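Novice: Chain by chain, the residues:
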Amino acid sequence: MGDRRRSRRLAATLTVAGLVFGTAACGSGSDSADSGGPNTLEVWTRSNPDAAATYDRVFAAFTKKTGIKIDYQPVVNFDQQLQSRASTKDLPDVMINDTALMGSYQSQGLLKPITPDTIAGHDQITDKTWSSTVGIDGKHYGIPYSRQAMTLMIRKDWLKKLGLDAPTTWQEMLRVAKAFATEDPDGDGKADTYGMVVPGSAQNGYAAWWGASYLWQGGARIIEPDGNGRYRPAMDSAAAVRTVTWLKDNLFCGAKNVVQPGALTAITANATNFQDGNAGMYLTGPYNITTFDATPGKDTYEVVAAPAGPAGSDVLADGENVYFGAKTGKAKQEQALAAFLISPEGQRIAMTSVDGHQPVVRIPVNSALDAAKVRDDSRWSVVQKAYEDTSQQFPNAPDFAPIKQDTADSLNAIFTYCGSDVASGLKELNDTLAGDLKDQDLLK
Amino acid sequence: MTATLTTPRRRGVLAKRSVLPWLFLAPGLLLALVFKFLPMGKGIWLSFFDVRPFLGDKWVGLDNYTRVLTDHRFQDAIGHTLLLGLGQSLGAILVGFLLALLLEGQARSLKIMRTAVFLPVVTATAVVGEMWRLLYYPTSDGLINHGLSFLGLGPAQFLDNPDTALWATMVMAVWMLAPYNMVIILAGLAGVDRTLYEAAAMDGVSLWQRLRYVTLPAIRPALGIVLTLAAIRGLRVFTEVYVLTGGGPAGSTEVWMTRAYTLGFTRNDIGGASAASVVLLCVTLLLTVTVNYFRKRGDVR
Chain A
1 MGDRRRSRRL AATLTVAGLV FGTAACGSGS DSADSGGPNT LEVWTRSNPD
51 AAATYDRVFA AFTKKTGIKI DYQPVVNFDQ QLQSRASTKD LPDVMINDTA
101 LMGSYQSQGL LKPITPDTIA GHDQITDKTW SSTVGIDGKH YGIPYSRQAM
151 TLMIRKDWLK KLGLDAPTTW QEMLRVAKAF ATEDPDGDGK ADTYGMVVPG
201 SAQNGYAAWW GASYLWQGGA RIIEPDGNGR YRPAMDSAAA VRTVTWLKDN
251 LFCGAKNVVQ PGALTAITAN ATNFQDGNAG MYLTGPYNIT TFDATPGKDT
301 YEVVAAPAGP AGSDVLADGE NVYFGAKTGK AKQEQALAAF LISPEGQRIA
351 MTSVDGHQPV VRIPVNSALD AAKVRDDSRW SVVQKAYEDT SQQFPNAPDF
401 APIKQDTADS LNAIFTYCGS DVASGLKELN DTLAGDLKDQ DLLK
Chain B
445 MTATLTTPRR RGVLAKRSVL PWLFLAPGLL LALVFKFLPM GKGIWLSFFD
495 VRPFLGDKWV GLDNYTRVLT DHRFQDAIGH TLLLGLGQSL GAILVGFLLA
545 LLLEGQARSL KIMRTAVFLP VVTATAVVGE MWRLLYYPTS DGLINHGLSF
595 LGLGPAQFLD NPDTALWATM VMAVWMLAPY NMVIILAGLA GVDRTLYEAA
645 AMDGVSLWQR LRYVTLPAIR PALGIVLTLA AIRGLRVFTE VYVLTGGGPA
695 GSTEVWMTRA YTLGFTRNDI GGASAASVVL LCVTLLLTVT VNYFRKRGDV
745 R
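Keeping their order, the protein sequence lines are chains A and B.
By the numbering used here, the letter at position 209 of the first sequence is numbered 209, and the numbering carries on one by one without gaps.
Quick note: to get the numbering used here, add 444 to the position in the second sequence (first position is 1).
Bear in mind the hints are in silico, worked out from the structure with no lab data behind them.
Please read all numbers here as calculations on a predicted model, not as lab measurements.
Covered stretches of chain B, going by a simulated chain A footprint (3 or more residues, C-beta under 8 angstroms):
#1 496-509
#2 576-585
#3 600-607
#4 689-702
#5 706-714
The beta carbon of each residue, even a glycine, is placed where N, CA and C say it ideally should be.
Same shape as in the complex, but just chain A:
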């Protein structure tokens, strides 16, 4: 009996050992991508298959021109995948992803510093745009690739029907929103229309992403640089209290249907009321233009500059940068690719849509190009003007992810509880932000 048990145990051990070796073999065998070649760059972008089709054209043109091959990987859950690659200490050579992630990546040591002079054509990018890739230590960590700024999408057929003009101030915007909600602009005799779309959930920081433009317009900042490479939280300022109070009182706790129902738990993916044709305004990024041209339809809406608040009409700008993975050792090829990506030729390919695929460059970073001309669509000049004249990015040097998330949590809570005290809510947020900055050793 004992003998039998022992041999069973032995068999079990052997099986498990076999399994472990089996897996180890599998693990090492699967890592045979063709990115190993000296003249091949592994490039990642955060793209769905639709946008990836456009990148395919860009990289094909690059390979044809330079002979450098591209092993292109469109990755949807980019950051999770990047973390797992980082743990193998073998990063992709080139990555194209959001501007707001630069601080986070840099703090994790994932990026190679960049000298703008080494990138051919660097002088065709404006200083304002270059300044958005400066890291906490003063070095550049990204090459600007695509930029965008928020604009207001508004139903012009509804405006016409109600005899209204596109709003240029917050007060006008509120008046139009109320009219859209109550005066039956779609003419079906039912009260089923809403003033504006708000992705107000705290999930992934959406409330802060949407609210940032209003904060800028109200003269508020989330965090402020002190000029010595450090930051202080600024959400307890009088301007911030005034702005958030205005948003709470008028959009979330004021007249009914000024914003779409369910706004407090809406993220962009389920805030589809503008597309569905039951909301009249949406302050959002120009990437939506392609979608909205299909529904509600190109001739039903227009793109206008965001209505101005008490301190101006600044909107949130963001976009994508080209990043070089740390320690990849293919500097020459990487610089060649970056030079092509920012060249008029590379930008133009990425800005045009072939077979209905989504373009991947919104506003070109190359100052020789004009978005409206390249696309032959005058609406893009509104977006380009907003980016160039009245836009502001999230601060790019710190790791902004926790700051954005905490701001979103706080805004969402203030908007949810109509009876809450805005000043004390924002004071609490300010303390939390101070903690976030302290974690990064950036607190003044």
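Use these hints to put chain B onto chain A, whose structure you have.
Specialist: Showing chain B alone in chain A's frame:
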């Protein structure tokens, strides 16, 4: 001489006999090892580090644990998690039991009904969440509010009202989990000795007495399984909340796992998220052992 001859032969047979089952188990074990046990071990390991995949992890001892346990948002999440876990587990057992009583039997119509009722279990949670977001739509376009309007009520802000969001999530979870419990309880009901019902009928008992003194004691083992499963699954709620409310509004549906997810994936604090997950694992383990202890003690008695 005979001994030396027989021993190797016996051992050979034994070895073959003992290797064979393991070979059959191998694919399952391999999958469990690679996708369950190794990641779990790694998670426990990472919970003691400041995780920096590229720069190298830094040992921080129990820092992650103290940080998680003293974080006021994690503390808020405990209450929500307990309420949601307990509410949805007990609700699902109760509803599952009622469904099982209603749908027990061999008739074909019952089989069709049972299949229909079981469908939520095989539907992906993300899909269920999106569907319930439509059902809960806060105007009279939403199905539930449409129904309420016939009664002259609503429209109610199910998900956007911090006082009702957690309860709305609970209802969806009960809808999703109850059929699974139903199947287990149905199996239990099938094993109840029919003669007990006949005897009870002869004694002229009421419906309630029949349930209390015949049915419930007879399906004790099935209830034990259902309770154990509830203890394991109850506290790790995530998908339901994530797809329905994302933890909002104002954090009123934030549960332990959504908080851990935010920490890990939007704040890049993998160490803290691992620590939070390990804490949940320990609590779940403790809860399961407790439930099993009481179940076994009840069995003995």
